[in-house]
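Here the protein sequences come in this chain order: G, D, E, W, U, L and P. Numbering follows full-length UniProt numbering, in which position 9 of the first sequence is assigned residue number 9; successive positions increment by one, without gaps. Numbering follows full-length UniProt numbering, in which position 85 of the second sequence is assigned residue number 85; successive positions increment by one, without gaps. Numbering follows full-length UniProt numbering, in which position 89 of the third sequence is assigned residue number 89; successive positions increment by one, without gaps. Numbering follows full-length UniProt numbering, in which position 42 of the fourth sequence is assigned residue number 42; successive positions increment by one, without gaps. Numbering follows full-length UniProt numbering, in which position 88 of the fifth sequence is assigned residue number 88; successive positions increment by one, without gaps. Numbering follows full-length UniProt numbering, in which position 29 of the sixth sequence is assigned residue number 29; successive positions increment by one, without gaps. Numbering follows full-length UniProt numbering, in which position 89 of the seventh sequence is assigned residue number 89; successive positions increment by one, without gaps.
Don't take every hint at face value.
[Claimed, not checked] One side of the interface only, derived from the structure: several residues of chain U facing chain G at Cβ under 8 Å:
1. GLU52
2. THR80
3. LEU82
4. LEU90
5. ALA91
[Said to hold, decoys possible] Sample of chain W residues lacking proximity to chain L, with all beta carbon distances greater than 12 Å (derived):
6. PRO13
7. GLU15
8. VAL40
9. ALA44
10. LYS68
11. THR80
12. ALA91
No wet-lab data here; the hints were simulated from the structure. Cβ coordinates follow ideal geometry from the N, Cα and C atoms, glycine included.
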Amino acid sequence: MLKPLGDRIVIEPQEKEEKTASGIVLPDSAKEKPQEGHVVAVGAGKVSDKGERIALDVKEGEKVIYSKYAGTEVKYDGKTYLVVRQDDILAVVE
Amino acid sequence: MLKPLGDRIVIEPQEKEEKTASGIVLPDSAKEKPQEGHVVAVGAGKVSDKGERIALDVKEGEKVIYSKYAGTEVKYDGKTYLVVRQDDILAVVE
Amino acid sequence: MLKPLGDRIVIEPQEKEEKTASGIVLPDSAKEKPQEGHVVAVGAGKVSDKGERIALDVKEGEKVIYSKYAGTEVKYDGKTYLVVRQDDILAVVE
Amino acid sequence: MLKPLGDRIVIEPQEKEEKTASGIVLPDSAKEKPQEGHVVAVGAGKVSDKGERIALDVKEGEKVIYSKYAGTEVKYDGKTYLVVRQDDILAVVE
Amino acid sequence: MLKPLGDRIVIEPQEKEEKTASGIVLPDSAKEKPQEGHVVAVGAGKVSDKGERIALDVKEGEKVIYSKYAGTEVKYDGKTYLVVRQDDILAVVE
Amino acid sequence: MLKPLGDRIVIEPQEKEEKTASGIVLPDSAKEKPQEGHVVAVGAGKVSDKGERIALDVKEGEKVIYSKYAGTEVKYDGKTYLVVRQDDILAVVE
Amino acid sequence: MLKPLGDRIVIEPQEKEEKTASGIVLPDSAKEKPQEGHVVAVGAGKVSDKGERIALDVKEGEKVIYSKYAGTEVKYDGKTYLVVRQDDILAVVE
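Could you build the full structure based on these sequences and the hints that come with them?
Written out as structure tokens, the structure reads:
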């Protein structure tokens with residue numbers, strides 16, 4: 001199991017070819033293109049200067065839209081995951 | 001539904017061709033050009049170093065002017081939205 | 001009406017051709033040239049890390065000198081305004 | 001009257017040709033060259049994150065040495081002033 | 001023994017040729033490639049502005065994935081170690 | 001007299017040709033070369049966000065080594081001084 | 001004697017030709033190469049925004065590994081020292 005550190009989040013990216021259930025289609029404009037995926041694991045959050053842990057806003061299992069060029073790819077048990085910081089996540093799809 | 005994270009805001013941009021009700025016309029000078037749209041959803045706000053959530057200043061339904069080159073386009077249920085940070089919003093049009 | 005957010009301020013720039021009442025003439029040296037205008041609307045101020053709103057130092061109606069290349073032009077009801085941050089305002093002309 | 005904002009200061013620069021009373025002569029080395037002038041007006045100081053105003057260290061009437069390339073020139077009532085931040089002032093000449 | 005300072009961590013990198021037990025294989029896409037290794041020693045943590053030591057989140061003996069281009073190589077007693085900051089560690093492999 | 005502001009310090013640089021009493025000779029490697037001088041005047045220190053003045057660590061009369069390319073030259077009463085920030089001072093020579 | 005300021009540390013670098021007792025050999029890869037030396041003197045530490053002195057983590061006499069390109073060379077009493085910031089020290093060799 002991958003346990004991300006601090007404000008990092010492990011995402012299982014949704015295949016681009018697969019039509020998403022929520023109907024999100026990636027635009028093809030010149031703007032930065034976000035990508036969709038499911039949260040697999042979340043870090044415990046950063047520790048503030050006051051020594052307190054600040055919990056993350058996303059939870060395991062949520063579907064999220066994240067900045068396409070963010071994060072680091074990791075292959076684990078045959079699957080490809082993406083490790084991003086919470087700040088790279090734009091929105092939760094409910 | 002798109003639920004933006006932290007200080008992010010989901011905007012439905014106003015079509016450029018459509019004459020705006022408030023009479024705002026985008027200038028054609030060399031200056032950065034703002035754009036107009038309606039707030040569709042707002043994040044819960046950032047968490048400060050003191051562990052307190054700082055609520056956002058804009059509300060769902062408000063008409064706002066935002067920096068044209070800000071944010072990330074997201075297509076959802078056939079519509080195109082823009083996810084921006086609150087700091088990219090210049091003013092609310094009342 | 002334009003309601004600027006946070007530490008932003010809406011300015012109605014003074015026409016350059018118009019001789020200003022206070023006698024300010026823009027210099028033509030190599031230095032950055034400021035511009036003069038009237039404050040039309042001010043934001044509520046930024047929220048500090050302690051969660052407190054820090055009110056702005058300029059008020060509606062004041063005549064101010066601001067950095068020439070600052071801000072974003074917005075046309076509204078046929079007039080051209082400039083939305084700047086308070087930090088781009090150099091001085092109030094009394 | 002020019003009332004500078006925050007940590008800004010209005011300076012009346014000393015003419016370079018004029019021999020200064022204190023005997024300061026600008027060096028002609030490759031180093032950044034400071035300039036001398038009199039403080040005409042000072043801002044109220046910045047507001048800290050704790051919401052407290054931090055008063056400036058220089059006072060109206062003092063003779064100061066400031067970084068030559070700092071600030072913005074403003075002409076007012078026929079005179080040329082310089083608006084700088086307090087951090088651009090190197091020393092007070094007593 | 002190497003005792004890292006502050007938020008630094010000493011890692012013994014896993015040989016690339018060696019097939020990892022957890023099955024992690026480094027991807028060959030254009031993205032930044034992480035690397036795997038074992039934590040050999042951890043620093044005492046940074047001291048916050050409040051004067052309190054903030055302990056690190058990783059422990060000696062843990063297997064971690066870290067950013068490939070992070071840190072400084074050190075040879076010690078014939079082995080090659082990597083000294084990285086905790087922020088360069090993406091996740092703990094459990 | 002020159003009274004430096006905040007964390008600034010006025011130094012009277014030691015002539016390079018003069019053999020220093022403490023035996024310090026400037027190295028001629030590719031590294032940044034420090035220079036030696038005597039502290040002539042020190043500022044009152046910066047004001048912290050808590051509104052408290054943080055006194056400087058160097059005192060008038062001390063011999064210091066400082067970064068060679070730091071600061072601003074000022075000629076005053078026929079002598080050449082250097083105004084630097086305390087952070088540009090590497091060490092006190094006792 | 002050299003008394004470093006704030007978070008600075010005076011190091012006597014170990015000659016590269018000399019075989020180190022602890023067996024550290026500098027690697028010849030493309031990575032940044034650290035260097036080894038002994039701590040000769042440490043500063044009193046930085047003063048935090050709360051006005052408290054934060055003591056350094058290294059002590060006089062300790063053997064340390066530091067970033068090779070960090071710091072400033074100083075010759076004193078015929079020896080060459082290096083003045084670095086504590087953050088440039090990677091680890092203490094015990």
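Structure-based check of all given hints:
1. Hint status for GLU52/U: holds, given a least beta-carbon distance of 5 Å to chain G, under 8 Å.
2. Of the supplied interface hints, the one on THR80/U is violated, with its beta-carbon coming no nearer than about 22 Å to a beta-carbon of chain G, more than 8 Å.
3. Contact between LEU82/U and chain G, as hinted, is not supported at the beta carbon level, the nearest pair being about 16 Å apart and thus beyond 8 Å.
4. Annotation: interface hint on LEU90/U holds; nearest CB of chain G at approximately 5 Å, less than 8 Å.
5. Because the beta carbon of ALA91/U sits about 5 Å from the nearest beta carbon in chain G, less than 8 Å, this interface hint is met.
6. For PRO13/W, the shortest C-beta to C-beta distance to chain L comes to about 16 Å, beyond the 12 Å cut-off, and the non-interface label holds.
7. Distance to chain L confirms GLU15/W as a non-interface residue, since its nearest Cβ pair spans about 17 Å, more than 12 Å.
8. At the 12 Å boundary, the C-beta of VAL40/W stays outside the reach of chain L, the nearest C-beta of that chain being 17 Å off.
9. Listed as a non-interface residue, ALA44/W keeps its Cβ farther than 12 Å from every Cβ of chain L; the least gap is roughly 14 Å.
10. A beta-carbon of chain L comes within 12 Å of the beta-carbon of LYS68/W; the shortest separation is about 9 Å.
11. No beta-carbon of chain L is positioned within 12 Å of the beta-carbon of THR80/W; the least distance is around 22 Å.
12. Residue placement check: ALA91/W does not keep its beta carbon more than 12 Å from all beta carbons of chain L (closest about 5 Å).
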